[in-house]
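Its first residue numbered 1, the sequence shown is counted upward by one per residue in my numbering.
It is possible that part of the hints are untrue.
[As the list claims (entries may be wrong)] Taking lysine to any residue and the SDA-like style, the derived pairs with C-alpha atoms no more than 20 angstroms apart in a straight line are:
hint: 1; residue 1: Lys114; residue 2: Ile145
hint: 2; residue 1: Lys87; residue 2: Ser127
hint: 3; residue 1: Lys114; residue 2: Met1
hint: 4; residue 1: Lys87; residue 2: Asn139
hint: 5; residue 1: Lys114; residue 2: Ile2
hint: 6; residue 1: Lys112; residue 2: Ser148
Since the hints were derived computationally from the structure, they do not count as laboratory data.
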Amino acid sequence: MISLVGGVEFGGRGFASLGDFGIHYAQPDRFFRIPGRLVAELETFVGDYAKKTFYMFIFGVAQDIYLPIFRTGLYVGLGFGIYIRTKQGIRIGSAFTFGEKVFLGYAHNVAKGKGALSYEIFLKHYSNGSLTAINAGYNFVGGSIGYSF
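Could you build the full structure based on these sequences and the hints that come with them?
Rendered as structure tokens:
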């Protein structure tokens with residue numbers, strides 16, 4: 001599956017002017033017999049801050065698991081990943097980063113035997129797991145659209 005992903009940062013004061021955009025490539029797998037996918041992710045953080053300290057790329061791999069909701073095409077899931085960022089920035093004091101995600105999705109076949117489209121909304125958190133004293137983290141809410149071959 002190839003997905004286009006976009007999100008906006010949120011926190012205690014509402015939404016911020018920091019966005020998260022990227023492309024993900026996923027292969028289906030099973031994690032302890034639970035349906036899942038192994039995902040390679042490439043994303044960038046962009047925004048209209050005066051300082052460009054938040055502008056960076058982030059690359060990593062994640063293991064997602066998901067559970068179908070009856071036979072509706074809906075599913076819920078969660079994921080955990082490890083990432084490397086192009087710079088440390090002022091919010092997380094290490095280039096090595098963890099990510100956690102919860103999501104709700106809907107998938108449907110495009111045509112019989114011709115692949116499927118999926119749509120997801122998600123909440124995602126990046127932090128370094130307190131590897132350094134600087135660990136404010138990033139929280140994003142967003143959506144994705146994907147195509148399965």
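Status of each hint after checking the structure:
A hinted pair counts as satisfied when its Cα atoms are at most 20 angstroms apart, and Lys114 with Ile145 qualifies at roughly 17 angstroms. The hinted pair formed by Lys87 and Ser127 meets the criterion: a straight-line CA distance of about 14 angstroms does not exceed 20 angstroms. Annotation: proposed proximity of Lys114 to Met1 holds, straight-line Cα distance about 13 angstroms (limit 20 angstroms). With a C-alpha separation of about 18 angstroms, the suggested pairing of Lys87 with Asn139 holds against the 20 angstroms cut-off.
A C-alpha spacing of about 15 angstroms is found between Lys114 and Ile2, which places the hinted pair at or below 20 angstroms, so the restraint holds. A distance of roughly 13 angstroms separates the Cα atoms of Lys112 and Ser148; the hinted pair therefore holds under the 20 angstroms criterion.
Comparing the model with each numbered hint stated earlier shows that all of them hold.
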